[in-house]
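Trainee: Keeping the supplied structure of chain A fixed, place chain B upon it in accordance with the hints.
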Amino acid sequence: MKILVTGASGLLAREVVRKLRSSKHEIVGIDARPWSDAPAGVKIHVVDVRKRAAEDVFRRFRPEAVIHMATVTHLREKSPERYRINLGGTSAVFDHAEAHGAKHVIFVGRHTFYGAASDSPLYHKEHEPPIGAHAFPELADLVAADLYACTALWRIPQIKACVLRVCYTLGPSRHGTLAAYLNPRRVPTVMGFDPLFQFMHEDDVARAITTALEKRLHGVYNVAGPPPLPLATLIRAVGHSPMPIPEPLLRFAFGRFGLPLLPPGAVTHLKYPVVIDASSFKAATGFEHRYDERQTIDSFRAALDSEA
Amino acid sequence: MMDDVRARVDRLALPWNAYGSDPYGISKRDLVWFFAAATFLYRDYFRVRAIGTEHVPSHGRAMLVGNHSGGIALDALIVIAAMFLEKDPPRLAQGMAEKFLAKTPFASRLTNRLGHLTGLPEHVVQMLEAERLVLVFPEGARGTAKLFWDRDSLVHFGTGFMRLALQTRSPVVPFGFVGGGEAIPTIANSYKLGRLLGAPYVPFTPWIAPVPLPVRLEVRFGSAMRFEGNGNEDDATIEEKVEEVKRRIAALVAEGRRSLRVA
Chain A
1 MKILVTGASG LLAREVVRKL RSSKHEIVGI DARPWSDAPA GVKIHVVDVR
51 KRAAEDVFRR FRPEAVIHMA TVTHLREKSP ERYRINLGGT SAVFDHAEAH
101 GAKHVIFVGR HTFYGAASDS PLYHKEHEPP IGAHAFPELA DLVAADLYAC
151 TALWRIPQIK ACVLRVCYTL GPSRHGTLAA YLNPRRVPTV MGFDPLFQFM
201 HEDDVARAIT TALEKRLHGV YNVAGPPPLP LATLIRAVGH SPMPIPEPLL
251 RFAFGRFGLP LLPPGAVTHL KYPVVIDASS FKAATGFEHR YDERQTIDSF
301 RAALDSEA
Chain B
1001 MMDDVRARVD RLALPWNAYG SDPYGISKRD LVWFFAAATF LYRDYFRVRA
1051 IGTEHVPSHG RAMLVGNHSG GIALDALIVI AAMFLEKDPP RLAQGMAEKF
1101 LAKTPFASRL TNRLGHLTGL PEHVVQMLEA ERLVLVFPEG ARGTAKLFWD
1151 RDSLVHFGTG FMRLALQTRS PVVPFGFVGG GEAIPTIANS YKLGRLLGAP
1201 YVPFTPWIAP VPLPVRLEVR FGSAMRFEGN GNEDDATIEE KVEEVKRRIA
1251 ALVAEGRRSL RVA
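Quick mapping for you: the protein sequence lines, in order, are chains A and B. Heads up: the first sequence at position 209 corresponds to 209 in the numbering used here, and the numbers run straight through without jumps. Heads up: the second sequence at position 241 corresponds to 1241 in the numbering used here, and the numbers run straight through without jumps.
Looking at chain A on its own, in the form it has when it is part of the complex (with noise of 0.2 Å):
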């Protein structure tokens, strides 16, 4: 099958081709960043997805499947721009695909769109509602463009289109939201509050989204594997300690004092929990992770031991 994958170079995109790729797949990739030792055979376009010579990529290969990764979840860009990236790079993504052919769309969202706050429910299903953009608005780019994903399911009939919300990754590379959390040996906590943190092995992620092409999968799926831990039992596990903060001198003392450069809406992801309900993805491919809670925190704590 020819398939396209936009945000190609990130790192648990990079797993993805190279699962696809083994299982003969005619690979392209799109992506702003270039990937040098790109497997043999895959291509990969250094280009801005929302750029024109993004669709010419779309005209020329017509891909019959896309897979869509290039959202930026990091918080180092600042919200305007991750809003043109995210927004702007999706509603391109979904036009192309229409335009020239695709029959299958799928977007790689993240589960942080349920949002966290103190009276939201654990175990979130895909028919509720975003409810933490007011609390985070750094996260309304990503709540945004995952209901304009959403919108091609009505929209554009004959794209089979399919929206994942992916818990938190974790393993070996080091790579993604938790990992760069979890990364000092002091892990900035809020005093007092402990939520459930929910993660899943970095391959079995990109198994995941291999597996939702392989099954023509159409619709909103939760992806999740093992069930969540408590933040503070999760920074123990990989071997690092809590540094419980009270809130107020938290927000003060994002990006001071060697803690990293966060927004204030982020406080609310440490003091209460997004979990999701992943049985509906799991009843409909048959998918099953590989890696359990502790596997992937060891996959984790041995990359970190390894650098240090």
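These are computed hints drawn from the structure, not numbers from a lab. Predicted model only: the values in this text are computed from it and were never measured. All the pointers check out, no bait thrown in.
So the derived list for chain B, only partly shown, Cβ under 7 Å to chain A, looks like this:
{"no.": "1", "residue": "1021"}
{"no.": "2", "residue": "1025"}
{"no.": "3", "residue": "1102"}
{"no.": "4", "residue": "1103"}
{"no.": "5", "residue": "1105"}
{"no.": "6", "residue": "1106"}
{"no.": "7", "residue": "1108"}
{"no.": "8", "residue": "1109"}
{"no.": "9", "residue": "1120"}
{"no.": "10", "residue": "1122"}
{"no.": "11", "residue": "1123"}
No farther apart than 30 Å at their CA atoms in a straight line, the calculated lysine-lysine pairs in the DSSO-like style are these:
{"no.": "12", "chain 1": "B", "residue 1": "1103", "chain 2": "B", "residue 2": "1028"}
{"no.": "13", "chain 1": "A", "residue 1": "19", "chain 2": "A", "residue 2": "2"}
{"no.": "14", "chain 1": "A", "residue 1": "43", "chain 2": "A", "residue 2": "103"}
{"no.": "15", "chain 1": "A", "residue 1": "24", "chain 2": "A", "residue 2": "282"}
{"no.": "16", "chain 1": "A", "residue 1": "125", "chain 2": "B", "residue 2": "1099"}
{"no.": "17", "chain 1": "A", "residue 1": "125", "chain 2": "B", "residue 2": "1028"}
{"no.": "18", "chain 1": "A", "residue 1": "19", "chain 2": "A", "residue 2": "125"}
{"no.": "19", "chain 1": "A", "residue 1": "103", "chain 2": "A", "residue 2": "19"}
{"no.": "20", "chain 1": "B", "residue 1": "1028", "chain 2": "A", "residue 2": "282"}
{"no.": "21", "chain 1": "A", "residue 1": "215", "chain 2": "A", "residue 2": "160"}
{"no.": "22", "chain 1": "B", "residue 1": "1103", "chain 2": "A", "residue 2": "125"}
{"no.": "23", "chain 1": "A", "residue 1": "282", "chain 2": "A", "residue 2": "125"}
Only part of the chain A face toward chain B is listed, based on derived beta-carbon distances under 10 Å:
{"no.": "24", "residue": "272"}
{"no.": "25", "residue": "275"}
{"no.": "26", "residue": "277"}
{"no.": "27", "residue": "292"}
{"no.": "28", "residue": "297"}
Every residue, glycine too, gets a C-beta built ideally from N, C-alpha and C.
Mentor: Below, chain B alone, put in the same frame as chain A:
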């Protein structure tokens, strides 16, 4: 005693992972210290009498529904301890925490680690479908706010619990709790101070703080009630069923009051 508590925690039918945590964040380690303290309060401090615990199913879903008695949720603590100490194998009763607790530092962590999730209908359904034992006080915060002279009365019952019991086909085990009003005799509630602290109210006793007296407490369970329906009935039908539960609880409270006088 710690070994005994630890052994009982080990016998709780919960799906622990390698880190001693269940899928809802209940922590085995926290249960041990909590039940060690609760056992002392239950056996030595209050001299609790629990009657009719055989009416609580030994396994599978059930909803414990009872009255509030006393200015803080002492009754919840005692019922949870009774299920842990009197049932064999022990059961973990999971309360539904007042929403303000989820926003309160330390209280948030504590309630979550002990299995008392934020009081949301979704959580009640999730717990019952996971075949757990859920503890519900349909009087809500209005119930703990009862003053000393109203301690054995029942205030308005919410109806949400009945719809959830019907929807999940769970038996309702009614219980009446007496003595909480004597342990923490509330003479006034400050709603202003409560607002300031982010709580519904702050109770005052003759000795100001709601520190409980070591009095006798009694919790009396009635036989399980099973209701027909799917939870989509109109309000009047649901209210009838709720009234039935409320009458049973009122009778259990009255019985408990009589036996407490004799004792």
